[in-house]
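Trainee: Join the two chains, each given in its own frame, into one complex according to the hints.
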Amino acid sequence: METNTDFTLAIENLTVSFDGFKAVDDLNLYIDENELHVVIGPNGAGKTTVLDLICGKTKSTSGSIKFLNKELTKMAEHEIVRSGVGRKFQTPSIYENLSVFENLEVSYPYGRSVVGSLFFKRNDKVINKIMEIADQIQLASQLETEAGLLSHGQKQWLEIGMLLIQDPKLLMLDEPVAGMSVKEREQTADLLRSISKGRSVLVIEHDMEFVARIADKVTVLHQGKILAAGDMDKVQADPKVIEVYLGH
Amino acid sequence: MQFIYEKLLGGKQGAVGFFILAALILIVLPLFLDMFRLNLVGKYLTYAFAAVSIVLLWGYGGTLSLGQGIFFGLGGYAMAMFLKLEASSPENTAIQSTPGIPDFMDWNQLTELPWFWLPFHSLTLTIILILVVPAAFAYLIGAAMFKRRVGGVYFAIITQVIAVILTVLIVGQQGFTGGINGITDLRTLNGWDITTDSAKLIFYFLNAFLLLGVIIVGRFILTSKVGSLLLAMKDKEDRVRFSGYDVANFKIFIFCIAAVIAAIGGAMFTLQVGFMSPSFVGIVPSIEMVIFAAIGGRMSLIGAVYGTLLINFSRTMFSESFPELWLFLMGGLFIGVVMFFPNGLAGIWQSYGHYITRYFAFADKFFPKEKTNLPQLNTKES
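Protein chains in written order, with my numbering: chain G, 1 to 248; chain R, 1 to 382.
Since the hints were derived computationally from the structure, they do not count as laboratory data.
Where a beta carbon is used, it is the ideal one built from N, C-alpha and C, also for glycine.
There's no promise every hint is true.
[As the list claims (entries may be wrong)] Quick list of in silico lysine to aspartate or glutamate cross-link-like pairs, DMTMM-like style, CA-CA up to 20 Å:
no., chain 1, residue 1, chain 2, residue 2
1, R, K236, G, E175
2, G, K225, G, D26
3, R, K147, G, E209
4, G, K57, R, E112
5, G, K59, R, E237
6, G, K59, R, D246
7, R, K236, G, E79
8, G, K197, G, D238
[Claimed, not checked] A few chain G positions that, by computed beta-carbon distances, are all more than 12 Å from chain R:
no., residue
9, G84
10, K88
11, E102
12, E105
13, R112
14, S113
15, L118
16, R122
17, E159
18, I165
19, S181
20, S194
21, R213
With the rest of the complex left out, here is chain R (with noise of 0.2 Å):
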């Protein structure tokens, strides 16, 4: 009980400020919202992985990734290539010249399926690639800068040119990809319809469950050793290297599981709009999430669910007004924030929050302290 207590939850306020984010996605959020805005939360809730992962790799990590798009866009890639195929049988496509295969590959003259496709005929295998194939290709870019001692500025641009990179092969090769449209009219999972509200409403709860997953085994992390030491190497890092580390590896680690929490983020994504386009995959969604997580707060993993949503339906709300403000509207509030509240809307909360956290007091009598003569931790996540 104490373990998950503290190392978990992170202590009383941790503890506090996760339970009200679990009622709020779970319970207040669905009782009043209609279906339509409530699968739109639903996908901003998509994008809080990434911003999750960019406070794990960027807030503790001390490395910036201007390119978590290319990850959040590998999962949903991944998981629309298998929706995709299950929409392409050859009843459903036999007016195409090749029945069988995706619309658009009919279209761009293909006639069989390309290989790297065949495994995503499986649901099973379609889900480890969703987790192995972002880890993998984290984990190569990651050893070739760490291991160089390549980080900072360098990192942020280089993470950045690949997500180009990404966008430009994915349009360019429409007949493999779908191109500039991305992949679409996905209908069916294993021939459940996935297009009706209960469908949308089962992903939703799916997705707010593995959005408090996630940000349970951040906290494992970022309280564990590796935690303090992402902190140390930030402020030292030759110290920690001298203390016999090899620091590279620790970036690296962080990195692939920044990865594969923004890939579990794409792949939700796409179970719930039902599509998934290069346009979520490029510079300017990668820097949104970036803005997510620093105006949440970019050392709390339960502040860049916050920063995610007050974007978000900020967005929704101005532009279906003004919507050619909203960018300015945006670049506003990132400056203001960064000026104001540097450390986002987190930092209210530590400065504020126990005023609510007072009112919780049984909760540390449910998980009373065991004796020990340990002296106090003091945890830094919030």
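So here's chain G without its partners, still in its complex pose (with noise of 0.2 Å):
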């Protein structure tokens, strides 16, 4: 079926089964411009598995990704990051032997072929991008800090903002607060609804309290399906939610 949407996302009919085990069956997920969208469901539900898909990291069995109605399940990982969808992953994943700079640096979506990254110059441009960067994911005043040795929280947001400076048009976050502490969960809150403007964001998020502060949309995935989806509230009431979180 090639349709177009209006949708920045549009996820169809998508499966993944690995051995005949499908992580993900015939998935229907639509994300809107702008809309901070948050998939939750208990674990082994298929979450992590959605985002590697339409990221390239795992190859769909079948069905169609459409961003910005360009077909994604075909693109090498590299080129759905230039197209404008980026992932943050679980655990932070940054330069630890860089530093804060260097990191944001690295990740500054210019000069990505060998020759381009070989005479690649830091410019005023990049300094200033890499500075505002650093404003908004509180690092401004360690940017020469060796990466490795910030606090949890301050990878987690220096990974989101590696993303950031790239200004992706999708960005896709994979538990940004496990781990944090109850101030950095409220400052990471305050950047997620900053970021949103501008682009659509797909979070996956354990932590219900912070899913209701932050979401637009709610869709709950249960064994590879959507068990139900629409406003916070909604979901919650939902009693086939409330089974599968509280039943058993």
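Mentor: Put into structure tokens, the structure is as follows:
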């Protein structure tokens, strides 16, 4: 089916099976422009797999993923990134041996070919952008710190910053507040609200309080299928969701 | 000026280290060693090219190649083929049943020069091939492996296997390659006798300058964004990939650069030693090259040169007195360095080098810093 949509991301009939086990089963998911969408669900529901499929880390068995009406399922990982999809991993993935500044510089979306990187110059434009992002993620005072020395929460923010500097149209975050203190969670929620302006954000999260604070729309995933979708109040009142989360 | 100082020499400590090395190999050693010993050092310095290439590929690229002998050999053989053709002029080989072809071909009943020898009639073409063939071969291996995300131990083993295959091929195809004896009896380069002391001295200096040039090129690569990316890939390859980079291309690039550097060393080896044989291609020399780099410090281009010199000097000294003990000694040295100095000789320089660099305070004045609002870059190179 070759249909164009107004959605930023349109996932249709997406299935992936690992040796017959369907981790994601006939999934349909749509994300609007400027929407902050949260996917929740019990362990093993297939949440991370959905992100892996979108960013190309895992190849789908069937179905389609359209990002701004561009089919992603056949593209290589770096092409997907270059088309405007950023993804944060569950455990902070930063370059521990590089400084905060270098972490952001390496992520700056220019000079991505071998020759381009060889002759990449650190000009004022790059520096200003890095400063701007560092301000946003509250690491402006630690630009020269080796990233490995940051606290867990700061590492998470740094990785978010590394994505922001690429100005993606779709930002995907896998459990961004896992392991954070209460205060850090609040700050992260504010950060997410501010960065979701002008782009769509897809978040995977367990912490219901945090979800309630940030989400425009929530999808509940269970055994690779959608159990419920809608705004937070509607989803929380859904008897099927209550059963999956509280039953057994 | 600032560009040269920061980017090519690696700041003050890097520049001082570089000039000490340059002074050692360009002034001190030629002054104090007789021609025989200096020629030996020249030979060691050709291995240093391979060691430097391993620093780039393994230390920074995170990809251990146990087959740098392949590229050292390709460079060496290319140079040897040119010299052999020149030595096999019809007048020199008039007693053969087919004059004008290398002697070993004649012994193996070949009556015609094989096609792949033809380009080696020209010195220009030979020099081009010394650079292009290893790069192309490395590209093929690299593309086949890195695009399929083969790396780590598998890459090391496969490069080692290729080194073995190449050795077997060279030994087996005696008529085309000179077999186990290699290509020997090389005398002149465009009519210039390369066996004289003056020629050896010139090659020594050519070799030394090329080595210093290679180190500067290496520095340029490592201080560019490619250097940061290589370190980043070593740490979190997926993060680099999902930041929009085609990771495989960067690995292929550094593998090709490493291949070309090793090949230049091989070509200089042939010129200075006067022959090339399969014993410089296989597993043992390839692993020795890794040991040179590890002893020198796998994160240091300059350290690799010292590592090579140290090991080879000790080898010469000890194998003159205790030939049977040498291998044990080298093994012991390797284990000792890995256990007590994981950063090799370069680690010692990093810890104590400031005692020396402080006498070179004028270096910073010589290259005045431009006023910039750039945060200072921590160069990782020593």
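Trainee: State for each hint whether it applies.
Mentor: How the hints compare with the structure:
Note on R/K236 and G/E175: the hinted pairing holds, with a Cα-Cα distance of about 18 Å set against a maximum of 20 Å. A hinted pair counts as satisfied when its Cα atoms are at most 20 Å apart, and G/K225 with G/D26 qualifies at roughly 7 Å. Simply put, R/K147 and G/E209 have alpha-carbon atoms about 43 Å apart, too far for the 20 Å limit, and the pair is violated. Under the criterion of a C-alpha separation no larger than 20 Å, the hint pairing G/K57 with R/E112 is inconsistent with the structure, at around 55 Å.
The hinted pair formed by G/K59 and R/E237 meets the criterion: a straight-line CA distance of about 18 Å does not exceed 20 Å. With a C-alpha separation of about 17 Å, the suggested pairing of G/K59 with R/D246 holds against the 20 Å cut-off. For a cut-off of 20 Å, the pair hint linking R/K236 to G/E79 stands: about 19 Å separates their Cα positions. With a C-alpha separation of about 29 Å, the suggested pair G/K197 and G/D238 falls outside the 20 Å cut-off, and the hint is violated.
Its beta-carbon lying about 10 Å from the closest one in chain R, G/G84 breaks the requirement of being farther than 12 Å from that chain. Taking the minimum C-beta to C-beta distance to chain R, about 9 Å, the non-interface status of G/K88 is violated against the 12 Å cut. Annotated as non-interface, G/E102 brings its C-beta within 12 Å of a C-beta of chain R; the closest such distance is 6 Å. With a closest Cβ-Cβ approach of about 7 Å to chain R, G/E105 is found to fall inside the 12 Å limit, against its non-interface label.
The beta carbon of G/R112 sits about 5 Å from the closest Cβ of chain R, which is not more than 12 Å, so the claim that it is off the interface is violated. Here G/S113 does not stay apart from chain R, with its beta-carbon only about 7 Å from theirs, under the 12 Å limit. Chain R draws G/L118 into its interface by the beta-carbon criterion, the shortest separation being 5 Å against a cut-off of 12 Å. A cut-off of 12 Å between C-beta atoms contradicts the statement that G/R122 is not in contact with chain R; the least separation is 6 Å.
Distance to chain R contradicts G/E159 as a non-interface residue, since its nearest Cβ pair spans about 8 Å, not more than 12 Å. For G/I165, the requirement that its beta carbon stay farther than 12 Å from each beta carbon of chain R is not met, with the minimum near 9 Å. Annotated as non-interface, G/S181 keeps its C-beta farther than 12 Å from every C-beta of chain R; the closest such distance is 24 Å. Listed as outside the interface, G/S194 is consistent with that label: its C-beta sits roughly 22 Å from the nearest C-beta of chain R, beyond the 12 Å cut-off.
Every CB of chain R lies more than 12 Å from the CB of G/R213, the least distance being 27 Å, so the non-interface label holds.
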